[in-house]
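**Student:** Below, each chain spelled out in residue letters.
There are 2 protein chains.
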Amino acid sequence: MGAVKTKRMPRAVREQQMLDAAVRTFGQRGYMAASMDEIAELAGVSKPLVYLYLNSKEDLFTACIRREAKALVEAVRAGVRRELPADRQLWEGLRAFFTHTAQNPEGWSVLHLQARTHGEPFASEVTAMREEIVAFVTQLIVVAAREAHRDPDLPEREVAGLAEALVGAAESLAAWANATPGVTARQAAATLMNFAWAGLGNLMESRPWQPPAAATGSATAQ
Amino acid sequence: MGAVKTKRMPRAVREQQMLDAAVRTFGQRGYMAASMDEIAELAGVSKPLVYLYLNSKEDLFTACIRREAKALVEAVRAGVRRELPADRQLWEGLRAFFTHTAQNPEGWSVLHLQARTHGEPFASEVTAMREEIVAFVTQLIVVAAREAHRDPDLPEREVAGLAEALVGAAESLAAWANATPGVTARQAAATLMNFAWAGLGNLMESRPWQPPAAATGSATAQ
Numbered sequence: 001m002g003a004v005k006t007k008r009m010p011r012a013v014r015e016q017q018m019l020d021a022a023v024r025t026f027g028q029r030g031y032m033a034a035s036m037d038e039i040a041e042l043a044g045v046s047k048p049l050v051y052l053y054l055n056s057k058e059d060l061f062t063a064c065i066r067r068e069a070k071a072l073v074e075a076v077r078a079g080v081r082r083e084l085p086a087d088r089q090l091w092e093g094l095r096a097f098f099t100h101t102a103q104n105p106e107g108w109s110v111l112h113l114q115a116r117t118h119g120e121p122f123a124s125e126v127t128a129m130r131e132e133i134v135a136f137v138t139q140l141i142v143v144a145a146r147e148a149h150r151d152p153d154l155p156e157r158e159v160a161g162l163a164e165a166l167v168g169a170a171e172s173l174a175a176w177a178n179a180t181p182g183v184t185a186r187q188a189a190a191t192l193m194n195f196a197w198a199g200l201g202n203l204m205e206s207r208p209w210q211p212p213a214a215a216t217g218s219a220t221a222q
Numbered sequence: 223m224g225a226v227k228t229k230r231m232p233r234a235v236r237e238q239q240m241l242d243a244a245v246r247t248f249g250q251r252g253y254m255a256a257s258m259d260e261i262a263e264l265a266g267v268s269k270p271l272v273y274l275y276l277n278s279k280e281d282l283f284t285a286c287i288r289r290e291a292k293a294l295v296e297a298v299r300a301g302v303r304r305e306l307p308a309d310r311q312l313w314e315g316l317r318a319f320f321t322h323t324a325q326n327p328e329g330w331s332v333l334h335l336q337a338r339t340h341g342e343p344f345a346s347e348v349t350a351m352r353e354e355i356v357a358f359v360t361q362l363i364v365v366a367a368r369e370a371h372r373d374p375d376l377p378e379r380e381v382a383g384l385a386e387a388l389v390g391a392a393e394s395l396a397a398w399a400n401a402t403p404g405v406t407a408r409q410a411a412a413t414l415m416n417f418a419w420a421g422l423g424n425l426m427e428s429r430p431w432q433p434p435a436a437a438t439g440s441a442t443a444q
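These protein sequence lines are chains A and B, in that order.
Start counting the first sequence at 1; every next residue gets the next number (our numbering).
Start counting the second sequence at 223; every next residue gets the next number (our numbering).
Derived by calculation from the structure, the hints in this document are not laboratory data.
Treat each hint with caution, since some may be false.
[Claimed, not checked] One side only, chain B facing chain A, incomplete, derived with CB under 10 Å: (1) 258; (2) 260; (3) 262; (4) 264; (5) 273; (6) 338; (7) 379; (8) 382; (9) 384; (10) 387; (11) 389; (12) 391; (13) 397; (14) 402; (15) 409.
[Stated by the list, open to error] Listed next, with one range per pair, are the computed distances between beta-carbon atoms: (16) 263/B x 8/A: 54 to 60 Å; (17) 52/A x 232/B: 33 to 39 Å; (18) 299/B x 85/A: 28 to 34 Å; (19) 55/A x 406/B: 34 to 40 Å; (20) 254/B x 135/A: 26 to 32 Å.
Here a beta-carbon is modelled for each residue, glycine too, at the ideal position from N, C-alpha and C.
Construct the entire structure; sequences and hints are all you get.
**Tutor:** So, in structure tokens, the structure goes:
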């Protein structure tokens, strides 16, 4: 029955099935260990057909990264109402992010673990996605600073660093939440808001944590 | 002159030179692209000698991960005075962390990017190191909660999530700081303290960021 059905499917649908199988296999086994045989079998098609449609293991992996990155960015965008205050936008964005990574653990593994470390062109595909998310967070921090101050005094570099920290925290939490039974997307998002926004909130009010001026050179590593 | 000098070196010293060359090469080129020829040349020894001492590319890479992980954990430990309050310990730990990653960018690249995604046994080497650092941060958060409350009410899972978020933020910031000219270790540490501790501080005082109860189901991704 599978064979007949498969033959009548349009190319685009079949390609998506191959990508589904590939994301699952790459996400579970890693890029190196994943075999084209396994991917073809999981997709219910022959290996030559996978090569015919997606060309090579490299191109198939690139197609997976591109599809998963696009889906993640679209999920975050769709989750955020841009007319809300900055902290609410961040909350909605985080919830959408953690919901999506929880529902697509293999896709997240492809993006977070696999794609970043097998050289070009894979790494730059993910870098582009990450930069888009960092830009979104950066802009939220800038808006929040503007709302809090008449004369915003967060230097550009500080904002950039805060955005990097927040995105890194979200990446780490998503991997942890997926590996920890019973952690919901909402809990992960609330943890990060607790962690980040209360701190950013203080910062917006010009109440940063104060580094101890006297102790900088002593027992700390230079 | 190099040859004579090399011949008289004790094995341990020569091994360290090979590891220095290997960390540099793996960190800059990535594990797959790095060649044993290049590593041997950079170490100023013959390729057979590298194989004689370190056995294989896999074993050499494992030795690099182990050495760099140990050095990083020791640097953080050495940078922290355990008798200080929790926020000061975190500050000192972060400064030591960012100082070490800034001074050893290739070592950090090996740990953060290369080691995590080439399967076992590499990944578990880094996981062990990361777990040690997460345990240290977790314990600081628990101590801080105990200092802030007579009856600490941060659930264990929330503490675990916060520690994951903080470590993920630090990892992301270290990569960003190394890629951004002029960002010092102190600035990176201060950014993260601003981001994290002010937020954690609020949390300790039972002032978490409040998720909007009413808006949870509407425009957010389910």
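**Student:** List in ascending order the numbers of the hints, as given earlier, that are violated by the structure.
**Tutor:** The structure conflicts with hints 1, 2, 3, 4, 5, 17, 18, 19, although it agrees with all the remaining ones.
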